[in-house]
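Colleague: Residue numbers (my numbering), protein chains in the order written: chain C, 1 to 329; chain S, 330 to 658; chain X, 659 to 977; chain W, 978 to 1470.
I should point out that these hints are in silico values taken from the structure, not numbers from a laboratory.
Treat the hints with care, since some could be wrong.
Cross-link-like lysine-lysine pairs, in silico, DSS-like; alpha carbons within 25 Å at most [what the hints assert, rightly or not]:
hint, chain 1, residue 1, chain 2, residue 2
1, C, K155, X, K762
2, X, K903, X, K853
3, C, K155, X, K764
4, C, K155, X, K713
5, X, K762, X, K935
6, X, K818, C, K155
Here is what each chain is made of, one letter per residue.
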Amino acid sequence: MTTLSAPPPRMRLARFRDLTLVPVIVILLVVGAFLDPTFLTAGNLTNVLQQQAAISLLVLAEAMILIAGKFDLSLESTVGTAPAIAVMLVIPASAGGFGIGLPGALVIPLALLIGAAIGAFNGFLIIRFQLSAFIVTLAMLIIMHGFLQGPTEGKTLFQLPDSILYLGSTVWLGLPAAIWIAGALFAAGIFGLAYLRLGRALYAIGGNADAARAAGIRVDRVLYGVFILGGTLAALAGILETGRLGAIGNNQGVGWIFMVFAAAVIGGVSMDGGKGTILGALTGVLVIGLVQNILTLIGVSGFWQPVIYGAIILVALMISRIAGGKAQD
Amino acid sequence: MTTLSAPPPRMRLARFRDLTLVPVIVILLVVGAFLDPTFLTAGNLTNVLQQQAAISLLVLAEAMILIAGKFDLSLESTVGTAPAIAVMLVIPASAGGFGIGLPGALVIPLALLIGAAIGAFNGFLIIRFQLSAFIVTLAMLIIMHGFLQGPTEGKTLFQLPDSILYLGSTVWLGLPAAIWIAGALFAAGIFGLAYLRLGRALYAIGGNADAARAAGIRVDRVLYGVFILGGTLAALAGILETGRLGAIGNNQGVGWIFMVFAAAVIGGVSMDGGKGTILGALTGVLVIGLVQNILTLIGVSGFWQPVIYGAIILVALMISRIAGGKAQD
Amino acid sequence: SGATSGGGGGGKIGIDHPRADSDFWNSYIKYVPQMAGELKVNLMPATNSQNDVAKLVNNVQALVGQGAKAIVMAPQDTGAVANLLQQLENKKIPVVTVDTRPDKGKVYMVVRADNRAYGTKACEFLGGKLGGKGKVVQLQGALSSINGRDRSEAFLECMKTRFPGITVFSEPTEWEGSKAASMLQTRLEQNPDIKGIYMHAGGVHLAPTLQTLKQKGLLVPPSDPKHIFVVSNDGIPQEYESIRKGDIDATVSQPADLYAKYALFYAKAALEGKTFKPGPTDHDSTIIQLPNGLEDQLPAPLVTKENVDDKSLWGNQVK
Amino acid sequence: MKNHVEARNVVKRFGPTVALNGAGIAIAEGETHALVGRNGAGKSTLVSILTGLQPADEGEVLFSGEPAPALADRDAWRQRVACVYQKSTIIPALTVAENLFLNRQAAKGATINWRALRARARELLETYEVDVDAQALAGDLTVEQRQLVEIARALSFGARFIILDEPTARLDGPAIERLFARMRSLREQGVTMMYISHHLDEVYEICQSVTVFRDARHIVTRPVAGFPHDELVAAMTGEATASYESRARTPGDTVVLSGEGLSLGGRYSDVDISVKSGEVVGLAGSASSGKVGLAETLVGLRKADSGTVTVNGSRVRPGDVPAAMGAGLGFVPEDRHHEGFVPLLSVGENATFPIARKLGRYGFVSPARRRAKAGQLIRDLDIKTEGPDQPVGDLSGGNAQKVVFARALVDDPTVLVVINPTAGVDVKAKQALLGAVENAVERGAGAVVVSDELDDLRICDRVLVMFHGRVVKDLPRGWTDHELVAVMEGIED
Ligand SMILES: Nc1ncnc2c1ncn2[C@@H]1O[C@H](COP(=O)(O)OP(=O)(O)OP(=O)(O)O)[C@@H](O)[C@H]1O
Ligand SMILES: Nc1ncnc2c1ncn2[C@@H]1O[C@H](COP(=O)(O)OP(=O)(O)OP(=O)(O)O)[C@@H](O)[C@H]1O
Ligand SMILES: [Mg+2]
Ligand SMILES: [Mg+2]
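Could you build the full structure based on these sequences and the hints that come with them?
Modeller: Next up, the structure:
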């Protein structure tokens, strides 16, 4: 009575839906190579990857949060605030710290902890009080940026303990460590969301939270976990960025979140929850990174750059829509 | 046979759900009066209204778009771009125009037309191609801002035709015209969404687009209308703002959209569509305007202002949640 | 790198512009190619980091990848470029920074006017006009910008020490005209006896301030007792126009033309292996020693009704 | 007699699925015409084509011999046909009154008079004896009340042709009777109707002719009178099918599920219930009896105000579904769209969520083992699907219900609670599902069947009847239909 015999073609196609942006990436590589000889050099491509490493962790975090049907705008503030507060707990008051003087080795765990705490607080407001995730995390974005500006009084922190600089600036096996870290975390994310019970639970919750609850998934607990993980990843992104830049400016992370959403969505993650993959999100990050790099290399006038940039996002979105076959939300 | 004989109390309460922020407004008025004697003067309150007039039109537009279940981030760019392009079509090349030299009286209709065209293009991509409204309008936000920066090459337009300055700077019957205009449009919005079939169609579409279609509502047409109306209102907001500021800066409107969403959502409009009222959105605008005014009056340190501001948004959100009684999305 | 080397004295100069949304920087951006022509430097297409230090790092890395032998940049965040400067030093690429002075990391030359001096000049002017008493407002830029902070701190410090009778209200406007207008309007409502305004950025603050004053009926000539003294900062043509009309009283002219000229001049000098010493220069400025390099402090004149028609002001040269 | 509505050679594909394959139907003026067929036969797809919601890939639709209007011309469609869709078209955030008069609240361009609209709504609800407040938000209604609102709306248009797609799947006996009375009077006024149901007795009661679809094709159209029941079933299933015989068994001694002193404000009060291993307990009662609320408490979807629930001897934390499931419970919720499945996820994944931890170690889920397990469930319950990887959202209603069932059974539960288990399920599938319940019980599970369907209750060893939130009767096996209905209606004490 049923059609179980051969795996029908649609199913096979579905597997490749994650990869709808691969042709776009290929086109960008070809166009880039054509436009500028530097583009296809190992050095330049390594630069692109390193430049995207920190923001890609935010995309990873946001993709998971979106798949679980939620929203987190405040990640971008955590990128600056978590490492900044951690550093201020460590460095002397004369260098802009709080004068508490915790040991310098603690600065990375502290930053991650602060990120996790911000995530947990977001989760608390959104899950416990059932507030709108968009507005809660928008308010938290503003507040957390205030927690960077307030204690530093708008100044850049540049006397940093070496420990926090290490990850973002060192090189392992010929590649910047940040690339290895982001790569490993993406691999874990791709695997976890495809093959772990917890990962699949995110899809169930994002797709229909009531049904997930009725299927025995501890929805609230999983959501807390996702927000906390999101905050922690954002803090790690902040650590990598701090190492790359060598200081924590007052605008670290500011303005990233839109790019993060753009990357996730053109990579096939739905804003409505329950749809998309981490691999897709990764292709989204790469597209955005390559576009930025090419625009820089060919030196498009700064005034018109946004137009080209936005237009490319639109085109990528259309390709992802046409190849994906389904309406986006 | 059943227990539904008397109208349950929850239903009656629903009427007042639009007004959940009224106590917040009252508290702000009392606190403001207590903190600064200037606060409760007619002059200051008029200022608050005038300062919020332009952004309130965006809130009106966004509330309608959200109720219809869609999303428009690009409104904030339209605020700058629509009047700027209109002005450049009119003023001579020496003043930064295109040198086309259309008659100065056309500048307002032109600006509104440009706003409508941006809205129509958004609608086209979102409705026709079924692309994600969030990302389409995000890309359009970037592109449209580029269309302000590109032609002006980043310069402020100082030499404006008088016609575009009039509405935003004149006074009618003792009150700035902008207040009258915003007031009239809100009245029309409140009435239209409560008493017109077309207005109710927005709720039906936002609540369940398939059901709306089945009920004979021309869903696509209505959505186009909403996007076009939204763009037009944003252009009008830009005209009022231009009159208030006397010039079109390169970042006119930039950064408004978050406040717009915050105002709409704390005012009870759901990000998931189908829920909320224009009156509620108006109370949201007022709360935000009063908070900004009080923070300015008491002169909170600029560094910590965002923290207080964000915290107040959170509190307003909670009040709206508790009084509204339902989970927010 | 596979880049072809152009003519001129020893290699290409890469340049990154900090932002494209203010009149001052846009004038600077316009002067750059013009000065490059005059100085005959081999300039690469400019990049723009849009006020984002992460983008700045990306851009400079790309420029170096494309074969830049010297870099001109204007980091708006002076701390977060430390690593970048270190990288460039390792690659022996000299750096000229414009407008801002990096906190850490080697620079060949900093080309900037003294932003603290702007604040002090504005304070001296307003303090004198007000006779050392009354209330003034300063419309700040973004608090996270070093220049904004310098102007603000110097202004406040000078007011406190030299004119203790003057009350200062500081309004953080984030370089937004809309915020500036609202805050000024509110403050004037609260303190109708405000007599002076210092604007950190004429490009964004000028029109909203004038419009607000006009609405309040306070846009009157200096002879009128209701007049509010306004000092601006930038030196764009519109400010001069307003000074001539008597709407505002003074502005500090940031030398956009000199920024562009000397940035390229020093970048070229670096490629040619020239060295400089602290002391006065041939162009009315002084070079001072910094821990991490040198700084050429260009003159930034205060422009008032008296000298507003001076042809040498860059704002009078733009058409 | 001329045909009021006709569809000819309709083909409709969804990706690789052919939902209609050259099927057609012809409905004579003034008759009530049944359309029957197994789950996924293409009935609802035909409905969406006949109401202009979807275009057919091939074929034509005629109304009174005239070609159907253009798809965009919704007004023309609405003049020709009104419909109760299988999927809810209620808008939860709007009031009942507004839902009833959606897009016709007032004349075009005129302002809406809400007071008058509410009055009209109240009148309409009264006419159809729907006991809900016109001002209530539709989202606050029960599934059943929502269905009644949909029916009232469809009937109120004054259209000459009305389609009802499984309107009774969510209604109890008296509500069905009221609906039929209404349909009869409409027929007397000459209204043509198309009626879809999996209850063949309803077809015999209310319809004059019947069309059978099978595997996306038209099989037969005949007058109902003189169409033997088993022949009709055979036409639907393509084979001779005997009616379901419930099995006899003796319950064991261990109590696997019990609720003591359970009360929930407004729903039920002071209920005791206990189910033994190897026993099927029915829970019956007409509208608002509180049976669903009670069942939802037993499975942990709701927290009782007082009382305790014990599963397999262990006290379960109230309102904690995972805890109840961990203790060995499986259940089928009332509203499959709401709590039953995640539409975007595959059949395999939806069916195996409760046993995900058993499909691999260290939190890992083996897709191969999942697919194998799902394949087995698909065969056991005869789910019509492209395979374990098809999203449940693409299945027909009855097949989606089977997936929900599969989820309940997948962990070999010792306690099974099923709420309206056969709602919207075809005859053969119904047998499969009831058989599955009985199989589980034979393996030693205890089961609770919450239903108003006499067929479902027949497999029960005893039936608890609830009335206004209290258990009023404990009927052992062997009740007569009349007896049970009387207790349910509160006619007999
Ligand atoms: N939107 C859709 N996308 C993909 N497949 C669909 C879609 N709608 C229906 N189908 C498929 O078309 C076939 C017919 O579905 P339809 O809903 O018409 O069945 P039905 O006869 O109404 O069944 P039921 O009695 O269960 O309601 C099914 O195999 C179903 O999976
Ligand atoms: N979500 C809800 N909110 C408010 N009241 C509800 C809700 N669901 C049910 N009720 C009310 O609770 C009472 C008992 O409902 P319950 O669903 O438990 O009974 P039931 O026997 O299942 O009724 P039915 O046969 O109509 O489904 C009814 O009066 C019903 O209207
Ligand atoms: Mg169906
Ligand atoms: Mg019920």
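Colleague: Work down the list of hints and note, for each, if the structure agrees.
Modeller: Checked hints:
| no. | hint | in the structure |
| --- | --- | --- |
| 1 | C/K155 with X/K762 | holds, 14 Å |
| 2 | X/K903 with X/K853 | holds, 19 Å |
| 3 | C/K155 with X/K764 | holds, 20 Å |
| 4 | C/K155 with X/K713 | holds, 19 Å |
| 5 | X/K762 with X/K935 | holds, 20 Å |
| 6 | X/K818 with C/K155 | holds, 22 Å |
Of the numbered hints stated above, none is contradicted by the structure.
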